[in-house]
Amino acid sequence: MRRARVRATVATALAVAVAASGCGGGDSPGGGGSGTSGTVTVFAAASLTESFTRIGDDFEAANPGTTVVFNFGGSSGLATQINEGAPADVFAAAAPRNMATVTDAGNADGTPSVFARNQLVIAVARGNPRGIRGLADLTRPGTAVAVCAEQVPCGAAARTALDAASVDLTPVTLEQDVKGALAKVRLGEVDAALVYRTDAAAADDDVSAVEFPESARAVNDYPIVALADAPNPAGARAFVAYVRSDAGRAVLTGAGFQTP
Amino acid sequence: MTATRDAPPAAPAVRRTPSRRTRIPLPLLLPAALGLLFLVLPLGGLLVRTPWSTLPQRLTEPGALTALRLSLQTATLATGLCLLLGVPLAWLLARVEFPGRRIVRALVTVPLVLPPVVGGVALLLVFGRRGLLGGWLDATFGITLPFTTAGVVLAEAFVAMPFLVIAVEGALRAADPRYEEAAATLGAGRWTTFTRVTLPLVAPGLAAGAVLCWARALGEFGATITFAGNYPGRTQTMPLAVYLALETDLEAAIVLSVVLLAVSVTILAALRDRWISAP
Numbered sequence: 001m002r003r004a005r006v007r008a009t010v011a012t013a014l015a016v017a018v019a020a021s022g023c024g025g026g027d028s029p030g031g032g033g034s035g036t037s038g039t040v041t042v043f044a045a046a047s048l049t050e051s052f053t054r055i056g057d058d059f060e061a062a063n064p065g066t067t068v069v070f071n072f073g074g075s076s077g078l079a080t081q082i083n084e085g086a087p088a089d090v091f092a093a094a095a096p097r098n099m100a101t102v103t104d105a106g107n108a109d110g111t112p113s114v115f116a117r118n119q120l121v122i123a124v125a126r127g128n129p130r131g132i133r134g135l136a137d138l139t140r141p142g143t144a145v146a147v148c149a150e151q152v153p154c155g156a157a158a159r160t161a162l163d164a165a166s167v168d169l170t171p172v173t174l175e176q177d178v179k180g181a182l183a184k185v186r187l188g189e190v191d192a193a194l195v196y197r198t199d200a201a202a203a204d205d206d207v208s209a210v211e212f213p214e215s216a217r218a219v220n221d222y223p224i225v226a227l228a229d230a231p232n233p234a235g236a237r238a239f240v241a242y243v244r245s246d247a248g249r250a251v252l253t254g255a256g257f258q259t260p
Numbered sequence: 001m002t003a004t005r006d007a008p009p010a011a012p013a014v015r016r017t018p019s020r021r022t023r024i025p026l027p028l029l030l031p032a033a034l035g036l037l038f039l040v041l042p043l044g045g046l047l048v049r050t051p052w053s054t055l056p057q058r059l060t061e062p063g064a065l066t067a068l069r070l071s072l073q074t075a076t077l078a079t080g081l082c083l084l085l086g087v088p089l090a091w092l093l094a095r096v097e098f099p100g101r102r103i104v105r106a107l108v109t110v111p112l113v114l115p116p117v118v119g120g121v122a123l124l125l126v127f128g129r130r131g132l133l134g135g136w137l138d139a140t141f142g143i144t145l146p147f148t149t150a151g152v153v154l155a156e157a158f159v160a161m162p163f164l165v166i167a168v169e170g171a172l173r174a175a176d177p178r179y180e181e182a183a184a185t186l187g188a189g190r191w192t193t194f195t196r197v198t199l200p201l202v203a204p205g206l207a208a209g210a211v212l213c214w215a216r217a218l219g220e221f222g223a224t225i226t227f228a229g230n231y232p233g234r235t236q237t238m239p240l241a242v243y244l245a246l247e248t249d250l251e252a253a254i255v256l257s258v259v260l261l262a263v264s265v266t267i268l269a270a271l272r273d274r275w276i277s278a279p
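In order, the protein sequence lines correspond to chains X and C.
Each residue of the first sequence is one higher than the one before, counting from 1 in UniProt numbering.
Each residue of the second sequence is one higher than the one before, counting from 1 in UniProt numbering.
If you are wondering where the hints come from, they were derived from the structure by calculation, not from laboratory data.
None of the values given here were measured: they were computed from a predicted structure.
Careful: at least some of the hints might be erroneous.
Claimed, not checked - Below, a sample of chain C positions facing chain X; criterion: calculated Cβ distance under 7 Å:
1) L124
2) G128
3) R129
4) R130
5) P146
6) F147
7) G229
8) N230
9) Y231
10) L244
11) L246
12) E247
13) T248
14) L250
What the hints assert, rightly or not - Here are the computed distance ranges between Cβ atoms for each label pair:
15) X:D206 - C:T60: 37 to 45 Å
16) X:R140 - C:Q57: 35 to 43 Å
17) C:V104 - X:T67: 41 to 49 Å
18) X:D229 - C:G135: 48 to 56 Å
19) X:D57 - C:G80: 45 to 53 Å
20) X:D57 - C:L107: 35 to 43 Å
21) C:L107 - X:D104: 46 to 54 Å
22) C:A33 - X:T67: 35 to 43 Å
23) X:T67 - C:P115: 22 to 30 Å
24) X:P260 - C:V265: 45 to 53 Å
25) C:A203 - X:A86: 44 to 52 Å
Glycine included, C-beta positions come from ideal geometry on N, C-alpha and C.
Use the sequences and the hints to build the structure in full.
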């Protein structure tokens, strides 16, 4: 595995710097040295599942006494949950539009920053038995395709890419998040799904990824921000900083993301 | 719970039934009231947040109506399927002694306690394109069930049937078997006895079971989205529409939820007096 060689380095100094520059107080009196402690709750897009789980482990190792809890899901649903008062510290979305939902409601602490970019690929059964080479092949009769619903970022990106290619595709299902679409390929229930490159890479035991040129027209920016009502503000800022650090970026690029 | 420390303000209300003197013990009344509140409050919250002014126009949006129609159709078809298969199964469990009956009864109730998503995955593994039966169905008859309306019906029936079987079996056990014996001594065959004596005898239980089954099918989400996917007009039922609307438009999600709530409550209320009331 490519990702396996990526081993994070301790970023305690960075965490201290961030905690020191951040607002004091909060209801978690951080214990001395590392500046962070307690639980950091991170709401993150489903497509970040593998890379953020890994980053979370590294962050915990770098900040003893800190626990990272994740809530992975469709970005827009997560945004709704945050605006409805879910106790989250950090929000990482798969598209600026979903981040805007949170910032417009005044729930972000500071300005979100883009920490990763992702592109779509066509996920097919391993070895590509149907010989799918591009978006146009998805409209062949008898080809069942899963696409994300347009309400979630991977669906919006798919719509952009299909429009750019002038392909009129009728999928069999509009999945709620990218993992749902990928699962249908892994189960063999569909012949192809439009998913992120990173999701296809994470499932490379079961699926192969077919790159297609139009995906360059639908690149997703992933913004991250600490939240205004974070129960653990110091932890929130430290986690955001860690994701953007060299160690965090190394994990993300290892997973197939581009980093700015 | 530390909340019980706040109990005193509620206490006077407890003692205000001097005439009847039923003396409901406080340790029962308090949790009972909390339990009621717990069940009713979220529904109240839904109604409070409902955008009543824009409700009519939101309801007539084609997406909402399509999902509602599909939900009503599939729930009704699923109930029909459950009646067709579930009533004989309930009769078998109630009336016939056979080895392993207790195991069969336990198996019937498994979908009741199984997380619906797990049910959906299980259905895929059997009826999916690569499933145990699905592959054969596809190759022999060209039938594929996932991502079709039939698939929605199947998923709903899988989750809802135990409700019907349990209700009907209970009714059959409660029914006096001597009526059936009398019919038999008067020369009625087994099938005639079943249709002319047994079924009318358990009609209230049957109806209650069917209503429960229908309501469960109407609310089905996990198995449906896993097995049948989500496509407007074909497999996107109301609960799926609610979930998807939640992604972008909280108000739309609330409106759809209120509709679903209204439909369920109306059906339950309309049928309550006639069939569901306890004998």
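Now the hints, each set against the structure:
no.: 1; hint: L124; result: holds (6 Å)
no.: 2; hint: G128; result: holds (5 Å)
no.: 3; hint: R129; result: holds (6 Å)
no.: 4; hint: R130; result: holds (4 Å)
no.: 5; hint: P146; result: holds (5 Å)
no.: 6; hint: F147; result: holds (4 Å)
no.: 7; hint: G229; result: holds (3 Å)
no.: 8; hint: N230; result: holds (5 Å)
no.: 9; hint: Y231; result: holds (5 Å)
no.: 10; hint: L244; result: holds (6 Å)
no.: 11; hint: L246; result: holds (6 Å)
no.: 12; hint: E247; result: holds (4 Å)
no.: 13; hint: T248; result: holds (5 Å)
no.: 14; hint: L250; result: holds (6 Å)
no.: 15; hint: X:D206 - C:T60: 37 to 45 Å; result: holds (44 Å)
no.: 16; hint: X:R140 - C:Q57: 35 to 43 Å; result: holds (40 Å)
no.: 17; hint: C:V104 - X:T67: 41 to 49 Å; result: holds (46 Å)
no.: 18; hint: X:D229 - C:G135: 48 to 56 Å; result: holds (51 Å)
no.: 19; hint: X:D57 - C:G80: 45 to 53 Å; result: holds (51 Å)
no.: 20; hint: X:D57 - C:L107: 35 to 43 Å; result: holds (41 Å)
no.: 21; hint: C:L107 - X:D104: 46 to 54 Å; result: holds (51 Å)
no.: 22; hint: C:A33 - X:T67: 35 to 43 Å; result: holds (37 Å)
no.: 23; hint: X:T67 - C:P115: 22 to 30 Å; result: holds (26 Å)
no.: 24; hint: X:P260 - C:V265: 45 to 53 Å; result: holds (52 Å)
no.: 25; hint: C:A203 - X:A86: 44 to 52 Å; result: holds (47 Å)
Of the numbered hints stated above, none is contradicted by the structure.
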